[in-house]
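> Okay, here's what each chain looks like letter by letter:
Number of protein chains: 2
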Amino acid sequence: MKNNKILELTENALGRKVPTIANGQKQIPYMGVGKYKPTGFKHAPRIYSCADYPADGNKLVKDLKEALIRCGIKDGMTISTHHHFRNGDLLAVQIFDIAHELGIKDLVWFPSASFPCQEVMTKYLEDGTINRIEGSMNGALGKFCSEGKMQGIGVLRSHGGRYQAVQDGEVKIDIAVIAAPTADAFGNATGDRGPAACGLLGFALADSQYADRVIVVTDNLVPFPCIPWQIHGNYVDFTVVTDKIGIPEKIVSGTTEITKSPDRLLLAEMTAQFCIEAGIVKDGFSFQAGAGGTALSIGIYFSEYLRQNKIKARYVRGGSNKYLVQMLEEGLTDYILDGQTFDLDGVRSMRENINHINTSPFTSYNYHGKGNFSSMTDVVILGATEVDLNFNANVVSHSDGYVLHGIGGWQNCLFSKCTILPVPLFRDRIPVIVDQVTSLCGPGELIDVIVTERGIAINPKRLDLIDALKHSSLPIKTIEQLKDEAEKICGKPEKPEFGEEIVALIKWVDGTVIDAARRVLK
Amino acid sequence: MKNNKILELTENALGRKVPTIANGQKQIPYMGVGKYKPTGFKHAPRIYSCADYPADGNKLVKDLKEALIRCGIKDGMTISTHHHFRNGDLLAVQIFDIAHELGIKDLVWFPSASFPCQEVMTKYLEDGTINRIEGSMNGALGKFCSEGKMQGIGVLRSHGGRYQAVQDGEVKIDIAVIAAPTADAFGNATGDRGPAACGLLGFALADSQYADRVIVVTDNLVPFPCIPWQIHGNYVDFTVVTDKIGIPEKIVSGTTEITKSPDRLLLAEMTAQFCIEAGIVKDGFSFQAGAGGTALSIGIYFSEYLRQNKIKARYVRGGSNKYLVQMLEEGLTDYILDGQTFDLDGVRSMRENINHINTSPFTSYNYHGKGNFSSMTDVVILGATEVDLNFNANVVSHSDGYVLHGIGGWQNCLFSKCTILPVPLFRDRIPVIVDQVTSLCGPGELIDVIVTERGIAINPKRLDLIDALKHSSLPIKTIEQLKDEAEKICGKPEKPEFGEEIVALIKWVDGTVIDAARRVLK
Chain F
144 MKNNKILELT
154 ENALGRKVPT
164 IANGQKQIPY
174 MGVGKYKPTG
184 FKHAPRIYSC
194 ADYPADGNKL
204 VKDLKEALIR
214 CGIKDGMTIS
224 THHHFRNGDL
234 LAVQIFDIAH
244 ELGIKDLVWF
254 PSASFPCQEV
264 MTKYLEDGTI
274 NRIEGSMNGA
284 LGKFCSEGKM
294 QGIGVLRSHG
304 GRYQAVQDGE
314 VKIDIAVIAA
324 PTADAFGNAT
334 GDRGPAACGL
344 LGFALADSQY
354 ADRVIVVTDN
364 LVPFPCIPWQ
374 IHGNYVDFTV
384 VTDKIGIPEK
394 IVSGTTEITK
404 SPDRLLLAEM
414 TAQFCIEAGI
424 VKDGFSFQAG
434 AGGTALSIGI
444 YFSEYLRQNK
454 IKARYVRGGS
464 NKYLVQMLEE
474 GLTDYILDGQ
484 TFDLDGVRSM
494 RENINHINTS
504 PFTSYNYHGK
514 GNFSSMTDVV
524 ILGATEVDLN
534 FNANVVSHSD
544 GYVLHGIGGW
554 QNCLFSKCTI
564 LPVPLFRDRI
574 PVIVDQVTSL
584 CGPGELIDVI
594 VTERGIAINP
604 KRLDLIDALK
614 HSSLPIKTIE
624 QLKDEAEKIC
634 GKPEKPEFGE
644 EIVALIKWVD
654 GTVIDAARRV
664 LK
Chain Z
144 MKNNKILELT
154 ENALGRKVPT
164 IANGQKQIPY
174 MGVGKYKPTG
184 FKHAPRIYSC
194 ADYPADGNKL
204 VKDLKEALIR
214 CGIKDGMTIS
224 THHHFRNGDL
234 LAVQIFDIAH
244 ELGIKDLVWF
254 PSASFPCQEV
264 MTKYLEDGTI
274 NRIEGSMNGA
284 LGKFCSEGKM
294 QGIGVLRSHG
304 GRYQAVQDGE
314 VKIDIAVIAA
324 PTADAFGNAT
334 GDRGPAACGL
344 LGFALADSQY
354 ADRVIVVTDN
364 LVPFPCIPWQ
374 IHGNYVDFTV
384 VTDKIGIPEK
394 IVSGTTEITK
404 SPDRLLLAEM
414 TAQFCIEAGI
424 VKDGFSFQAG
434 AGGTALSIGI
444 YFSEYLRQNK
454 IKARYVRGGS
464 NKYLVQMLEE
474 GLTDYILDGQ
484 TFDLDGVRSM
494 RENINHINTS
504 PFTSYNYHGK
514 GNFSSMTDVV
524 ILGATEVDLN
534 FNANVVSHSD
544 GYVLHGIGGW
554 QNCLFSKCTI
564 LPVPLFRDRI
574 PVIVDQVTSL
584 CGPGELIDVI
594 VTERGIAINP
604 KRLDLIDALK
614 HSSLPIKTIE
624 QLKDEAEKIC
634 GKPEKPEFGE
644 EIVALIKWVD
654 GTVIDAARRV
664 LK
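Protein sequences appear in the order of chains F and Z. Taking the numbering used here as reference, the numbering of the first sequence is continuous, increasing by one, and the terminal residue is 665. Taking the numbering used here as reference, the numbering of the second sequence is continuous, increasing by one, and the terminal residue is 665.
Here chain F stands alone, though its shape is the one from the complex (with noise of 0.2 Å):
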């Protein structure tokens, strides 16, 4: 336990007790779905000259360490990484490492996301030179946070969030390093091509557009121009060539095989009947569906409907993968518009299909842009870890307070016209259904359906769908009835003990604050 003070803490609108400062910043609670209202301006990088970089556009230095140094690295700076190599990447641990290597403290860690791989990344935040992350911490890491071990306060936020964050300049990236699997000297990248291909950079588009400097390193270096640019060299300082940047297998995702659990195939069955039931299915409709094995067989009865039917899908998002690529290759959707490659499927056909479109966090996800795509999609099918009885929900905690998981686009999804979360009614003989979430991740009036192998039920705000399955076959339940049920053989399991102390906070699409985490008790 290290510096994670007792903090002055409000009640936001979800009444959930949140801080007003953390991490020496100001934090304004969660106000309201679409209440919080922004007035400032966007971050402002330095004006830069071309005078200062080399005519040639030859940006190559000699490795990482001199990259970093020639950005200044120096105490409290925030270094960003992405998380495209997912848990085979190969830098963000090498970053750390010359930093403590140079003797530079109290750096703060944004990555998109953390993995397993990055585990050992808990010895720098026990040394101080790494104070804390702002970014999803799976695992090891969360349970790190979690135990109160991380010298600063965690910031969970949602892939939109982040790039919310960087572009409102809550956030001020010092450094970015961006993994590159294809790049050119000028700093030009893409992700599609090379020996650690991982589909998009997209979650390195905020970093490369807002950090003061950004270093770009790649195992694939090509002659300008690399084309694709997913990301631009104009916004890149340096580039650095090494042996490998990724490890291809562990690159790509374990979790894109549909499932064969009965139970799952259940839900993923009910979840596509009742979206077929409320006239959701229909020519010229979108979805998005995350990467389970549950939601990819959803995917899978979608198509199902689409041929028998002779209609098709006007776009599919991703995470891409072979099922999606499938329906684009068979002419069932005109579009897969990705924003994250999950198998070497997706990331074949982003690279040769020209209708599997990239997208960023800017383009899907950014609240506080001229709107963005996630509100238009029609259905979106999410997970969650608990859901209370106002449809209130989690998704980076489990029941025991631990806070082990990312939120992803998840947030972001929930602005989707019909939102689903098919869930088991309980894992491991605790109810999913809950008086109280654990940690407030989505506030229930976004969420429309909840689907669970005993039960459905809709949101009764959504009276829409409602009388759409008012005949319907499907197990159409309350909310309410699901938690009796799930109680009636489960029991009311005992909640975890908390300390006072605020381990992370949970940020809503908005900047402000939707939850804080506190310290789990041993």
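No lab work stands behind these hints: they were computed from the structure. Since this is a predicted model, take the numbers as computed values, not measurements. Wrong hints could be hidden among the right ones.
What the hints assert, rightly or not - In silico BS3-like cross-links for lysine-lysine, where the CA-CA straight-line distance does not exceed 30 Å:
| hint | chain 1 | residue 1 | chain 2 | residue 2 |
| --- | --- | --- | --- | --- |
| 1 | Z | K604 | F | K185 |
| 2 | Z | K205 | F | K425 |
| 3 | Z | K205 | Z | K393 |
| 4 | Z | K205 | F | K560 |
| 5 | Z | K635 | Z | K604 |
| 6 | F | K169 | Z | K185 |
Chain Z: place on chain F using the hints.
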């Protein structure tokens, strides 16, 4: 003659007298290539919120007038347009018709260039609807300005300088109106398809990113998503559908036939021969040529050389046209890096060929970025109206003093590794090589070679080129020799008479003032 005041002047690094204040804004005199170092921050647009935009992405309003009113159009605002429709534009005049109808005064019109089809704007310049044009003034508008009839002082910028001025906040665009050959209701827009297809929309990029309010006007509305999205709807406030945004046959320029003039063909052949002898035309090289007949012909000579030697260019930069498209399709270049599309073959190729790449003033020309493409290009071939003995050149006015042309990408391209100006030794018996250029647009230190039909002058700074050509059969001469030859034939022409009043500033790529145009006395 209206408000063109006699301003306080200072001498810049090229000895030109330029104002220290113009249009109420402090001006920085040109300091030399790469000498002015900006210290400020980029323009920071307001932070917007999705809460203020329709969730379904439908930003359509009834017509342009309603869109302008909802954007809050009022006296003194800066309104921007792009020139991708060239002389087929139907929109720019409409904007000011509406402003006039609404009784709005003192607008700044900020086009990326103006064309003869917009000559009627003189009435709005006369009646005070428009205070001034900041942007290239071609033909009648340039004459109007040169005669001192414009209330404010015109400001001429290169394409890159326009991006720089917007990025740096020197020009704050209140309302950008983007004519789009294809768009969706969200505001995603592309120029490469639709009845008024013009290819790129790159000149509107800065406007979309930095303007306070953005209107997209299209005559070809498609369901979301409009692919590709050259302009991101996430920057757009309103979309408008209208019957016709441009006259297709006038959109593509008429200057894309190779020259039949023996004089120009000679210039082209000499220029190509020079490049070959200088060792510039080799495997993997890159070049850019303007749109004129001479420049086009050079591409033909280059192609022939590449074909014969079984080598290819890495990239050619356009203004794309059928000749560059032929090179791409024949495999004589890996890529076209296109900044503007000059004919229908260019538009088709951009739409269909993944190696025909969209660029923008940001990637190619912005001097206040971390490098740009122009300095990486091996050779550019440009025009000029006048060149002086120090190789300083003029591109906006002729010897009669009238500012009749825009700068275009000309200044930006001077940064290439070798800049060649093929020019006739005289035009209408007026020598092109002069003691002092009427307007100084490009510093001689960036201009390497002047090719005329009677000899080629290499800038004495380019010892490497002088050395490479020392045994050439080409007529290598000094610039003084060329000037003497011309004057022997034509005599020394009389200089035009100028008033004291400054009518237009000529900006350098870094926002400093490289020259100022004076009122032409009748």
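> For every hint, state whether the structure bears it out.
Each hint, compared with the structure:
1. Z:K604 <-> F:K185: violated, 44 Å
2. Z:K205 <-> F:K425: holds, 28 Å
3. Z:K205 <-> Z:K393: With Cα atoms ~27 Å apart, Z:K205 and Z:K393 stay inside 30 Å; holds.
4. Z:K205 <-> F:K560: holds, 25 Å
5. Z:K635 <-> Z:K604: holds, 27 Å
6. F:K169 <-> Z:K185: Given pair F:K169, Z:K185 holds - Cα atoms ~25 Å apart, limit 30 Å.
Hint 1 alone, counting from the list given before, is not met by this structure.
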